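Residue numbers for the sequence shown follow our numbering, beginning at 199 and rising by one.
Just so you know, the hints here were simulated from the structure itself, not pulled from any lab data.
Since we're looking at a predicted model, the values are computed, not measured.
Every residue gets a Cβ at the ideal spot worked out from N, C-alpha and C, and that includes glycine.
Only true hints are included.
With beta-carbon atoms standing in for the labels, derived distance ranges:
| id | residue 1 | residue 2 | range |
| --- | --- | --- | --- |
| 1 | R392 | N413 | 34 to 44 Å |
| 2 | E607 | S463 | 29 to 39 Å |
| 3 | C519 | L539 | 19 to 29 Å |
| 4 | D232 | A309 | 15 to 25 Å |
| 5 | G262 | C519 | 56 to 66 Å |
| 6 | H614 | A257 | 44 to 54 Å |
| 7 | M318 | L539 | 28 to 38 Å |
| 8 | G475 | L561 | 37 to 47 Å |
| 9 | P365 | Q513 | 44 to 54 Å |
| 10 | A257 | E607 | 41 to 51 Å |
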Amino acid sequence: MSSALDILVEPLASPGVMAAKLWLPFGSACDARDQRGAHDLLASLLSRGCGPYNPKELADVVEGCGAGLRCDAQEDGLLLSLRSTLEDAEQLLPLLGWMVLEPHLAPDQVALEKNLTLQMLQRQREDPFHMAAVAWRGLAFNDGGYGHDPMGVEQDLQNIERQQILPLAQQLPSGRSVLSLAGCLPADIEHRIRAMDGFRGWPQASAEWNAGRLNYGTPAGERIHLESMDTEQVVLMLGQATVPHGHPDDLVLRLLQCHLGVGMSSLLFRRLREEHGVAYEVAVHYPQLIGPAPFVLLAATGMERAELSLQLLLQSWDELCQTTLSQADLTLARAKFIGQLAQARQTCSQRAERRVQLRAMGLRDDHDQSCMEAIASITVDRIQETCQRWFQKPQLSLCGPPESLETLERVWAKRHP
Numbered sequence: 199m200s201s202a203l204d205i206l207v208e209p210l211a212s213p214g215v216m217a218a219k220l221w222l223p224f225g226s227a228c229d230a231r232d233q234r235g236a237h238d239l240l241a242s243l244l245s246r247g248c249g250p251y252n253p254k255e256l257a258d259v260v261e262g263c264g265a266g267l268r269c270d271a272q273e274d275g276l277l278l279s280l281r282s283t284l285e286d287a288e289q290l291l292p293l294l295g296w297m298v299l300e301p302h303l304a305p306d307q308v309a310l311e312k313n314l315t316l317q318m319l320q321r322q323r324e325d326p327f328h329m330a331a332v333a334w335r336g337l338a339f340n341d342g343g344y345g346h347d348p349m350g351v352e353q354d355l356q357n358i359e360r361q362q363i364l365p366l367a368q369q370l371p372s373g374r375s376v377l378s379l380a381g382c383l384p385a386d387i388e389h390r391i392r393a394m395d396g397f398r399g400w401p402q403a404s405a406e407w408n409a410g411r412l413n414y415g416t417p418a419g420e421r422i423h424l425e426s427m428d429t430e431q432v433v434l435m436l437g438q439a440t441v442p443h444g445h446p447d448d449l450v451l452r453l454l455q456c457h458l459g460v461g462m463s464s465l466l467f468r469r470l471r472e473e474h475g476v477a478y479e480v481a482v483h484y485p486q487l488i489g490p491a492p493f494v495l496l497a498a499t500g501m502e503r504a505e506l507s508l509q510l511l512l513q514s515w516d517e518l519c520q521t522t523l524s525q526a527d528l529t530l531a532r533a534k535f536i537g538q539l540a541q542a543r544q545t546c547s548q549r550a551e552r553r554v555q556l557r558a559m560g561l562r563d564d565h566d567q568s569c570m571e572a573i574a575s576i577t578v579d580r581i582q583e584t585c586q587r588w589f590q591k592p593q594l595s596l597c598g599p600p601e602s603l604e605t606l607e608r609v610w611a612k613r614h615p
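Could you put the whole structure together from the sequences, leaning on the hints where they help?
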């Protein structure tokens with residue numbers, strides 16, 4: 199049997215610097231319904247003592263080398279990140295293995311990280327963007343795996359203790375994990391890693407590790423959520439769950455994201471900011487996920503301009519299904535897409551993370567190159583057909599003062615009775 203750990207190596211001409219990314223396929227989408235935030239809590243604990251190092255010793259080793267080590271919880275997995283010089287790699291790379299195979303999960307560290315997370319969630323309750331995003335997730339995915347922020351839900355976290363974290367940590371090595379390295383690397387780096395103390399105990403591959411298909415979630419019955427907040431700011435999020443990264447329609451939606459929300463020439467920037475001056479922030483959120491990814495138009499505005507902002511967002515959304523892009527807009531979107539790909543591959547860390555992401559999603563290493571070639575064949579008619587397929591039932595999340603929300607609800611009701 200082969201190892202459950204895939205190792206990808208990309209030598210780059212760098213000044214003695216390397217980056218390593220270790221992907222573990224257990225993210226917040228795997229949280230139990232009454233333990234939302236458990237995997238994020240586990241991620242924060244992995245770097246608080248592992249193998250032969252207690253929390254202080256681990257920090258001293260990493261900081262003494264001028265390196266960086268962290269672990270982040272995402273919807274689809276945990277991502278362990280290390281950046282260091284080549285001369286310190288032999289000492290630091292085993293840490294990634296120990297964090298997975300021998301995490302300490304000391305009771306005092308569990309309590310500390312839990313309290314820190316609860317404090318962060320309490321602070322985020324004062325952020326209208328966060329509250330609107332949480333509510334939109336609930337509309338789009340209900341109680342499924344994508345229905346909550348990876349950081350979790352306060353009432354669930356309060357009840358999570360060490361005994362709930364232990365089985366989650368024990369299953370980490372059982373998944374098909376991917377370690378990607380980029381930068382200044384010796385030719386035999388893969389052999390060296392498999393022989394390191396931290397990685398020698400990595401188990402063999404198991405065909406059963408992902409037998410249970412994740413429930414990402416399905417739309418709730420309601421299509422609008424109003425979140426009252428004592429603020430003069432109004433945040434609007436309009437969108438719909440769409441397709442996984444790599445889906446045949448994904449590339450079309452990437453071009454739409456560029457057309458709508460990338461740069462000052464984008465449609466939302468021109469329409470809401472330059473032409474009408476109603477919003478001080480606009481964007482399009484379309485993350486790269488293994489499951490159905492949200493495609494969401496975002497805008498932040500003041501109370502007095504909230505109604506017009508919503509009308510313009512709804513107009514922009516409806517136009518996607520009703521009218522075709524001009525050839526000039528499509529050409530510009532293609533150029534932006536290619537530029538984004540280039541910007542996302544500038545550093546060792548970016549390149550290592552992209553390779554590990556593609557492998558985790560079951561996509562080819564040359565996926566991005568294939569996309570750059572494929573966009574030339576995407577027509578305006580295909581874009582409109584894709585919009586008609588995925589943009590028929592958007593959900594709207596609003597956060598702001600009650601008097602504004604009442605007006606915005608009436609605007610929505612006129613279009614979606």
